[in-house]
Amino acid sequence: MIEMIDVWKTYPNGVMALNGIDVYIEKGEFVYVVGPSGAGKSTFIKCMYREEKPTKGSIIINGTNLAKVKERQIPKVRRKMGVIFQDFKLLPRLTVYENVAFALEVIEESPKVIRERVMEVLDLVKLKNKARMFPDELSGGEQQRVSIARSIVNRPPVVIADEPTGNLDPETAWEIMDIFKEINARGTTVVMATHNKEIVNTITKRVIAIEGGRIVRDEAKGDYGYED
Amino acid sequence: MKIRTFKRHFVEAFKSMGRNGWMSFASISAVTVTLLLVSVFLAILLNINFIASQIEDDVQIRAYIERTEKPESYDVYQKDLEKLDKVKSVKYQSKEEGLDELIESLGDEGEVFSSLKEENPLRDAFIIYTDKPQDTAVVAKEVEKFKFVNKVEYGKGTVEKLFKVTDAARNVGIFLVLGLVFTAMFLISNTIKLTIVTRRREIEIMKLVGATNGFIRWPFFIEGFALGVFGAFLPIIVIAVGYQAVFDIVNQKLGTVFIELLPVTPLIPQLALLMLLIGGVIGVWGSLTSVRKFLKI
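Residue numbers (our numbering), protein chains in the order written: chain A, 8 to 235; chain B, 2 to 298.
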């Protein structure tokens, strides 16, 4: 499903973010990526959705080697994965409905299918009644639910989340986690970078810890393992 | 691209224009102001050119024929003149016709000369028109060389001054219009750029969701075009109404004696088309160049 083989990433300013990452994530797994700030978590995640290109090594997702993908093919790769960000990254001038529909419009889906699927995922994240609102009329938790809806609306096999609860209060964070559990239960692979100790220790899943650009720990039913 | 996707881009472009109301308004206003200036100056320039051409076209060469020549040979002479380089046409004018023309041009005072009809002091003449009015002096010199020619008249000195004036008027006009078009290009494209720069984040997000560059570009392309074209509407109306008014005034007050302006059609339809074209092209150019910067993600 997801495989990284000897992945290195050095930024142009000389920062060595990843120093030889080897990892294999099975289809349907739920994986936390943890580690101190600046350890390479974000780069690890960014390489997965090809915002960053590794300096060396291969990243194979859904059978495609991201390190060899041409610039023009990147959109196609991204359509096979859902990406969720700490700052939601919603289109401010589009309504909730339009934001979610956008992911289907880019693959030129028919209006009928778009309607059905958008309503279906909005139902899943419990935002059907707010479909016509704009992002700035919603709470943080609601905005994150919109972005989750957008990430899964085209039914990608993988969902990648970069600190999805980072901007949310604890209670809202748990609601968001419920949605992720639901998505994972339906068979979607979930990779989530997080700083939330409580969540990692309560909803126990595989934990990959990154420090200094290397994987220092990889446990099937791990805990957060840091004190912050 | 599927047709419904194209429809989507269209709807999206107009939705975005509505939701970015003030920025759209600013862009359209910038287009309006500059195109208004461009169209007014263009109308003036074209008319200067038209009037200058009218004046220049009146320039002719009169070659008076020696009294000793026999009218039977005039046909041959006329052919000789027509064979000259840069000569457009040659017309024969007998001394009687010449006198009639003179009397007529002088109006009431011309009556005095009527008595001269018995003993006409004028000579038979050829009236020569050149291909380009600027060739007059050169052709006149050639004509002078013929033996049957007694004297050549073409308003020496005056003609040269006239051409200097008309050429200067044209050059200044072209310079002004070109300058304005360039200003328009920068003003319009900059305003449109501003509206897009504020949407930089949106473009980045679209890319992260898996939109291709083309998919992102299309609505911007349509939006830029529409902003430019909408901005051209008001200038077109103003120039159409304004020019009609000026045209009527000039025709009534000054009559046909003095100057004649370019007719409203085809000038106004042509100007309108040109304004739409300039607006649309600059709009598209402005939006596409600014989108391009943000697509590299």
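Everything labelled a hint here was simulated from the structure, so no lab data went into it. Please read these numbers as outputs of a predicted model, since none were measured by experiment. Heads up, the beta-carbon is just placed ideally off N, CA and C, and yes, glycines get one too. It is possible that part of the hints are untrue.
[Said to hold, decoys possible] These stretches of chain A come out as covered by chain B in the derived footprint (C-beta under 8 Å, 3 or more residues): (1) 96-106; (2) 218-230.
[What the hints assert, rightly or not] Counterexamples of contact, computed for chain A against chain B with all Cβ distances above 10 Å: (3) W15; (4) T17; (5) P19; (6) A46; (7) E58; (8) N69; (9) P82; (10) K83; (11) V90; (12) E112; (13) L131; (14) D143; (15) E149; (16) E178; (17) W181; (18) E205.
Comparing the hints with the structure gives:
no. : hint    : verdict
1   : 96-106  : holds (count 5)
2   : 218-230 : violated (count 0)
3   : W15     : holds, 22 Å
4   : T17     : holds, 20 Å
5   : P19     : holds, 15 Å
6   : A46     : holds, 23 Å
7   : E58     : violated, 7 Å
8   : N69     : holds, 13 Å
9   : P82     : violated, 5 Å
10  : K83     : violated, 7 Å
11  : V90     : violated, 6 Å
12  : E112    : violated, 6 Å
13  : L131    : holds, 18 Å
14  : D143    : holds, 12 Å
15  : E149    : holds, 17 Å
16  : E178    : holds, 27 Å
17  : W181    : holds, 26 Å
18  : E205    : holds, 28 Å
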